[in-house]
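Chemist: Next come the chains, spelled out residue by residue.
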Amino acid sequence: SGSSAADGADGGDTLEVGVLFPGSLSDDGFMESAYLGYQRAAEKHAGAVRFSKVEQVATADYEKALVRFATTSDLVISLGGQTDADVRNVAARFPKVKFAEIGGPADGKPGANLSVYDPQQAEAAFLSGAASALLSKTGTVGFIGGAELPAIVNAAKEYRKGAEAADPDVKVLTPQYVGDFNDVAKAKQSALAGFGAGADVLGQILNLGHKGVAQAAGQRDGALVGGPIARECGSDPAFAAYVETDVGAEIEYAVDHLVAGDWKAEAVHFGLTFAEPHNDIVLCGDPGPAVGEKLDELKRKITAGEITTR
Amino acid sequence: MSAVLDELAAGGVRLAIPLLLASSGELLSERAGVLNLSVEGMMLTGAFAGAAGALASGSAGVGVLTALAAGLLFAALQALLSVVLRADQIVTGITANALALGATTYGSRLVFGDASADSVPGFDPIPVPGLHRIPVLGPALFEQTALGYAAFAVAAALALGFSRRTGWGLAVDAIGEDATTADRCGLPVRAVRFAAVLLTGAVSGLAGAQLALSEVHAFSDNITGGIGHLAVVAVIAGRWLAWPTILACLFFGVAQSLQFAAPALGLHVSAPLLTTLPYVVALLAVSGLVGRSRAPSGLTVPFLRGS
Amino acid sequence: MPPPPLPPSAPAPSSAPRAALPRLAPLLGHPVSVGLLAVVLAGTAGLGLVLGAGTTPATAWNALAEGMFGSPYAIGSSLNSAAVLALIATGFTAAHRAGLVNVGGEGQLCAGGLAAAAVGLALPAGVPAVLGVPLVLVAGFAAGAAWAGIAARLRTRRGTSEVITTLLLNFIGVGLVSVAVHEEALLRQPVTSSETLPQSAPLPEGARLPLIGGIESPATAIVVIAALAAVITGVVLRRTAVGLRLRSVGHSPAASARLGLPVARLETGGLAFAGGAAGVAGAGLVAMAPSVLAEHFSSGYGFSGLVVGLLARGSLTAVAAVSLLFGFLTNGGINLQLAAGVPASSVQIVQSLLVLFVAAAMFATTRNRSTS
Amino acid sequence: MSATAPALEISGLTKSFGTMRALDDVRLVVEAGTVHCVLGENGAGKSTLCHVVGGSLVPDKGVLRLYGTPYAPRRPADALAAGIAMVHQHFSLVPTLTVGENLRLLRLRDLPRRVARVREEYGLEPDLDARVSDLPVGVRQRVEIVKALLREPRLLVLDEPTGVLGPAETDALLATCRRIAAAGHAVVLVTHKLGEAARAGDAATVLRAGRVAGGGPLAELPPERLVPLMIGRPAASLDAGLAGTIGLTEDRPSPGAGASAGPGTGASPETGTSGAERRRGPGALRLSDVGVRRADGSYALDRTSLDVGFGEIVGIAGVEGNGQSELMALLGGALAPDTGRVELAGRDITRAAPRERTRAGLGVVPEDRHREGCVPQLPVAENLFLGRLDRFRRYGVFLDRRAMNHAADAVLTGHGIRSGGPGALMSSLSGGNQQKVVLARELALDPLVCLAAAQPTRGLDIGAVGAVHSRIRQASAKGTAVLVVSSELSELLVLCDRIVVAYRGKLLGPVDPSQPDARERIGALMLGADHPAGSGTEGAGRAAATAPRPVPGDAPRH
Ligand SMILES: Nc1ncnc2c1ncn2[C@@H]1O[C@H](COP(=O)(O)OP(=O)(O)OP(=O)(O)O)[C@@H](O)[C@H]1O
Ligand SMILES: Nc1ncnc2c1ncn2[C@@H]1O[C@H](COP(=O)(O)OP(=O)(O)OP(=O)(O)O)[C@@H](O)[C@H]1O
Ligand SMILES: [Mg+2]
Ligand SMILES: [Mg+2]
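Protein chains in written order, with the working numbering: chain A, 14 to 323; chain B, 50 to 356; chain C, 7 to 378; chain D, 2 to 559.
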């Protein structure tokens with residue numbers, strides 16, 4: 014089922030890939046991370062694959078964009094769980110086109126021509142929690158999520174587990190949900206509440222909103238764990254670490270397989286358990302060797318399956 | 050517990066400041082008969098221009114000036130359309146917001162590009178010695194940035210300076226209530242409306258600057274995220290009166306802040322419900338369930354002499 | 007007595023030109039030439055942005071045209087969008103005839119969608135379409151009408167401006183959808199795992215709008231419904247006593263009351279119809295693929311429909327024309343991104359400039375009434 | 002400013018609205034130190050002229066000079082800056098503000114001093130703390146005049162200022178005009194009343210259909226010459242009673258004016274009413290113990306009773322604001338009384354909706370015809386039949402516009418209404434013709450038990466007044482009870498069988514208009530005199546108003 018070479022609409026020698034980004038490409042978060050992968054893939058397969066994309070699409074227009082891609086592309090990739098219903102619907106209507114959904118329900122089942130890719134944000138959150146606990150001086154940490162969506166709620170749970178795994182005595186605050194991944198002012202308020210409650214390191218899954226957390230950290234001598242894009246350490250002292258979730262790697266993965274002709278409909282869980290590990294944590298400054306060692310140990314345990322984050 | 054209360058109050062005020070600025074302008078504009086649904090766009094433009102100005106010049110002060118200028122420019126466009134050309138205020142308001150969103154998103158990729166992660170020069174809080182230690186009120190009122198204090202001053206100045214007791218305030222009310230009569234009394238109806246919209250633009254620009262330069266030292270797409278609409282709603286909830294509007298802003302701020310203090314207080318409140326609360330409050334206020342309320346009769350009615 | 011707070015109502019009959027204006031004035035002031043001018047201006051701005059995006063105008067034009075009319079799919083989905091806008095604008099126009107400005111399309115859309123989802127999900131899986139579809143649409147109408155009814159009641163009982171109340175009810179309606187899809191006790195699909203998305207389960211097959219344009223085209227029955235609604239509303243407003251009564255109430259509630267018209271009932275009816283039409287549009291959005299109720303499903307259609315209604319200025323022909331224009335432009339805009347690489351923000355800029363230019367240009371067509 | 006230059010000199014003034022030429026090559030000279038009257042029928046262009054002078058309208062053509070200097074106002078502010086003050090009939094006070102705030106809007110320096118001066122010089126003392134929306138029309142008009150005087154203008158323009166004033170106030174206003182002229186300034190006074198012109202004016206200009214029909218010093222223009230200029234018919238064609246209403250015969254007592262009135266001036270197609278339809282006797286409209294409280298707790302109507310008989314015309318005189326508006330609102334169904342009941346031919350209609358009242362046969366001509374009487378933006382035909390659309394059905398659903406226009410055409414011809422046809426917008430009609438349409442509509446009710454008309458001739462020209470009066474008489478002759486509320490005493494004296502006087506929510510009297518001292522007695526009652534000549538106490542007066550009095554069998558009026 015769909016494991017053969019390109020049988021898309023054009024039938025020519027260039028393959029067509031369309032990517033739907035419901036949010037903004039410059040959100041400094043999930044979408045932007047994916048877009049970085051999109052750009053890498055476009056560069057790598059220049060000439061062989063033609064890419065097109067849409068961003069900032071209204072809910073009612075998801076289907077329109079997906080169908081348009083489906084009529085011209087060999088592979089259609091859709092980002093974010095919010096498009097789940099539409100992707101499944103459209104995929105069923107275009108059985109000859111390959112579809113990939115990134116970041117949908119992690120337990121989602123693949124379809125005949127639909128892959129579901131899970132970037133394992135929860136695993137990243139586990140690492141983020143561990144790092145937070147290890148870096149905390151007050152022994153209190155907290156997590157801020159953009160919205161009370163399943164993926165984020167799970168990440169919050171993993172954050173707690175990670176923190177407790179790294180330091181059983183750590184106090185983890187009740188997770189906060191801002192209600193918007195990009196609302197900087199509210200994110201800042203949320204972070205201030207966290208710092209006010211005694212935390213000194215916060216984990217987050219926010220997009221643009223993490224700027225607000227960084228501001229709050231600067232004001233309250235706290236710190237945060239950045240991500241999903243690992244920026245260069247030192248550009249902002251509030252970032253104690255970055256937890257990297259390479260959402261774009263999944264776009265590359267899908268396109269690589271498309272070009273190689275061995276794309277298949279599957280559920281893939283990226284992250285540390287994957288063949289090429291995709292989640293990582295980058296520590297900023299010098300927290301001392303113990304921290305790094307403890308984190309490496311946890312990573313090893315995850316890779317080995319001793320710790321599961323799903 | 051007291052730390053939580055401190056944070057609740059301080060957070061409430063902090064979230065209220067942009068509202069306070071924008072709605073004190075919007076109040077005046079509505080009293081003069083112009084409904085600016087474009088406050089959101091004005092703020093967004095101000096935030097963008099403020100961040101861009103601060104980045105380019107390296108000075109937050111310059112950022113404030115560019116925010117002010119951009120707010121004014123945007124307001125001039127809105128006033129040209131709705132006051133001079135008498136285009137429908139609702140259409141121009143809604144559309145101007147879309148324009149601002151598109152233009153600032155486009156502009157931010159040009160101006161900030163990949164530097165979007167970096168921060169721009171901004172303002173830091175200046176605690177007022179002594180006063181900021183007062184429990185609850187201290188952190189809320191006396192730990193603001195320069196722009197935050199300016200916001201208090203602007204809101205108070207507008208509330209006092211344009212109260213109905215002053216000649217200016219009276220003129221504004223007359224123009225919003227009955228433009229033809231005001232015109233026959235020799236009041237410059239269009240000029241006042243134009244000026245009111247410009248003022249709304251200026252203060253909304255400042256509100257945007259407050260978001261970008263005092264709160265986060267950065268610009269991000271759609272950084273206002275509906276705060277401008279909330280400013281319009283605060284005027285409604287304040288029943289077109291200055292002090293109640295200010296109270297409404299503070300209330301809205303605290304209601305939002307509650308969302309973040311709630312976990313620490315051990316409360317579970319549904320975020321969508323809290324987000325909707327201000328609108329419900331405004332609806333109750335305006336429906337006369339809480340005191341009498343009446344919009345200016347001339348609200349959204351364009352002025353045309355000789356009709 | 008100050009006039010009721012209304013935007014300029016009824017289309018201005020282009021009266022004779024003022025003596026001082028040159029001969030050309032009527033030609034320049036004609037709505038069609040003004041509209042063309044607005045399109046040209048917005049197009050010029052668009053051209054600049056297209057060039058800025060590194061795309062050639064030809065590519066951009068092709069992408070736009072292809073997105074609008076290039077395939078049965080393009081046409082069908084444009085028609086669907088246009089139908090949703092037309093429904094809202096049709097209702098707006100009816101209420102506007104009664105002197106009421108319904109700013110609340112978005113909220114009524116949400117109310118309609120909510121009710122449609124609730125009813126649709128309550129239906130048994132094997133419900134026949136002849137039963138399911140009308141039920142879902144009627145639920146949408148009723149809920150939209152009830153939502154607008156709140157504003158109508160506040161207006162007739164307490165004199166609260168419907169502009170303000172319907173505006174507020176938008177935000178509340180959007181909020182209610184959020185709450186409903188987040189709570190399992192309400193409309194959220196059964197939470198089977200921690201990964202269950204906050205949206206409703208899909209409506210049963212028999213509650214979904216039937217397609218009308220064959221396999222290739224996504225056009226649904228909503229297109230027919232919108233067309234019928236516009237035609238019937240047009241006839242009722244122009245040719246029946248009800249239409250005349252609404253107009254009378256719109257121009258002068260006091261005189262209408264004196265003449266024995268049931269003013270409150272007419273006003274309530276007008277606004278409720280507007281809400282109902284928007285509610286049907288909301289039901290349509292929910293009952294179209296993928297047939298689930300999700301947060302933000304209204305996608306600003308309510309506001310766009312309001313803009314369509316205001317720009318059409320009371321003419322249902324204009325409602326049809328402007329909704330089609332907007333519907334096709336929305337779809338063309340998506341394709342502009344997809345096929346020509348023009349950023350979303352550029353498309354948004356050009357679309358809003360177009361509306362602003364048209365709104366401003368109306369000045370030219372109404373100026374004849376002015377005396378100064 | 003040269004001493005000899007006229008205060009205002011207008012030449013070649015032209016202003017069109019669409020195809021309608023409201024002013025056509027108008028020339029007008031107002032000498033300094035004079036009161037200049039502008040006369041003319043409804044729609045002649047008087048207000049348009051005032052609006053041009055006041056800067057509210059910019060003319061298409063024409064030159065204006067003010068005290069010798071060119072004057073081209075673009076907006077009202079320009080006129081004010083030039084020392085011109087205007088009194089408009091509508092739209093000139095902000096209703097939600099208090100009187101004091103309205104005055105402060107003028108942004109005059111030393112306002113208290115000016116207010117004091119106006120009080121001393123003209124005896125006008127506004128209640129500064131009252132909210133304008135709470136004030137009756139007459140009081141508003143006084144505030145309006147104060148507003149103009151506060152500016153100490155060198156040219157005062159008054160557009161029909163006396164319509165809502167009582168006789169004493171009118172006298173005071175005219176004296177004010179004289180005083181301003183005596184001070185070397187000038188006044189432009191728009192009026193329909195030749196008596197006022199004669200008393201206060203020095204010169205007059207008559208407009209007809211936008212053109213100057215004539216003019217000159219009033220000393221050389223007796224009413225016999227003015228009337229034809231105004232209405233294009235000789236003064237003799239007006240009935241004598243009517244002449245009184247425009248002040249032609251104001252100072253002469255008018256005993257039996259009603260009796261001398263001949264058949265109406267206009268075409269009267271329905272004079273041949275069969276005697277069988279006539280009904281006589283009390284009880285057509287009966288108000289008993291009706292009380293209406295205002296928001297401030299005072300009584301707008303203070304347990305008032307009144308009985309209007311079939312075929313009887315009862316007038317309500319009185320200074321505005323003594324409960325007349327509330328009485329009309331009560332009859333129209335816009336207001337429910339706090340106490341008492343209203344009966345129409347024995348049927349209780351106290352709380353009936355307007356539609357039911359109409360069905361029961363109560364016609365109401367409201368005071369504010371623009372707001373309540375008609376829908377100006379709709380065509381004449383629609384205005385005539387809006388309440389009876391069910392009659393014009395096609396295929397059960399559609400509106401039969403042809404039939405409606407046909408029916409409207411018949412009404413327009415029958416009532417001699419001048420308009421652009423049934424399809425013409427109501428707003429395009431002159432004030433007089435608008436009023437005729439409203440009256441025609443109410444008179445067409447079937448059955449018509451009672452007609453209540455408030456200020457039925459306010460703002461109408463003499464020709465129109467005549468037509469309205471004759472219509473009212475015809476209705477009464479057919480047995481309809483008529484209640485007329487008017488601030489125009491002369492009108493009531495010629496029209497009514499019986500006059501009661503509204504005073505602080507009570508109805509005093511009645512007075513028989515055919516008595517020689519009727520005018521004086523009414524004047525005394527209007528001031529609340531407890532012992533009007535020939536009457537007992539106030540209570541007795543009230544009782545008398547209530548008591549059904551013998552109704553003239555075959556009224557001598559007709
Ligand atoms: N704004 C306007 N638009 C169109 N026509 C107008 C307007 N104002 C006045 N007219 C028309 O111009 C003509 C002159 O009107 P104007 O108000 O000057 O008459 P008038 O002499 O004051 O009458 P009245 O005695 O009834 O007050 C009328 O036919 C009127 O219908
Ligand atoms: N917009 C309009 N279009 C057509 N006719 C108009 C319009 N406005 C006023 N008129 C006409 O002008 C005439 C005068 O109107 P009206 O008596 O209400 O006001 P006015 O007394 O003339 O004005 P003002 O109160 O300013 O002195 C009426 O015949 C009316 O029909
Ligand atoms: Mg006039
Ligand atoms: Mg008049």
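What the hints contain is simulated information worked out from the structure, not anything from laboratory work.
Using N, Cα and C, we set each Cβ at its ideal position, and we do this for glycine too.
Check before you lean on any hint, since a few could be wrong.
To be verified - A few chain A residues that face chain B, going by a derived Cβ cut-off under 10 Å, partial list only:
#1 Asp-41
#2 Asn-102
#3 Ala-105
#4 Asp-196
#5 Asp-293
Stated by the list, open to error - On the chain C side, residues computed to face chain D include the following (Cβ under 10 Å):
#6 Gly-249
#7 Ser-321
#8 Ala-324
As the list claims (entries may be wrong) - Here chain B is said to cover these stretches of chain D; the calculated rule only asks that three of the stretch's residues, wherever they fall, bring their Cβ under 8 Å from a Cβ of chain B:
#9 106-119
#10 359-368
Chemist: Each hint needs a verdict: does it hold in this structure or not?
Modeler: Verification of the supplied hints:
no.	hint	in the structure
1	Asp-41	holds (6 Å)
2	Asn-102	violated (26 Å)
3	Ala-105	violated (31 Å)
4	Asp-196	holds (5 Å)
5	Asp-293	violated (18 Å)
6	Gly-249	holds (8 Å)
7	Ser-321	violated (16 Å)
8	Ala-324	violated (20 Å)
9	106-119	holds (count 3)
10	359-368	violated (count 0)
Violated hints for the displayed structure, listed by number in ascending order: 2, 3, 5, 7, 8, 10.
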